[in-house]
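*Asks:* Sequence:
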Amino acid sequence: MTRLAVHACRSLCSWHRTRAELDGLPLLACRGCGSQWVRTEPWTPVDHTGRIPDDVRAELRRTTAFHPEGD
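Position 25 of the sequence shown, counting from 1, maps to 25 under the numbering used here, and the rest follow consecutively.
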């Protein structure tokens, strides 16, 4: 498995889906700090407001373990 880039959040986080894939999964990246994420990671990205971005939510819905309140 290829390693993801993970950097400290700088209060600029803005997560979006990229055109790339990692091990067959859509790769999401933060435009603020450059971190990367796929839905199999044990952590969930949040944006600079503390909210889970829509692109991340869409990926998490593809798993059976994601059931946030109000969703």
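Hints were generated in silico from the structure; no laboratory data involved.
Nothing here was measured: the structure is a model prediction, and the numbers come from that model.
Be careful, since some hints might not be right.
[Said to hold, decoys possible] Per label pair, the in silico range of CB-to-CB distance: (1) Thr49 / Gly24: 24 to 32 Å; (2) Gly24 / Gly50: 12 to 20 Å; (3) His48 / Gly24: 23 to 31 Å; (4) Ala20 / Trp43: 13 to 21 Å; (5) His16 / Thr63: 25 to 33 Å.
Quick reminder that beta carbons are idealized off the backbone N, C-alpha and C, glycines included.
*Asks:* Each hint needs a verdict: does it hold in this structure or not?
*Replies:* Verification of the supplied hints:
no.	hint	in the structure
1	Thr49 / Gly24: 24 to 32 Å	31 Å, holds
2	Gly24 / Gly50: 12 to 20 Å	30 Å, violated
3	His48 / Gly24: 23 to 31 Å	29 Å, holds
4	Ala20 / Trp43: 13 to 21 Å	19 Å, holds
5	His16 / Thr63: 25 to 33 Å	19 Å, violated
Comparing the model with each numbered hint stated earlier shows that hints 2, 5 do not hold.
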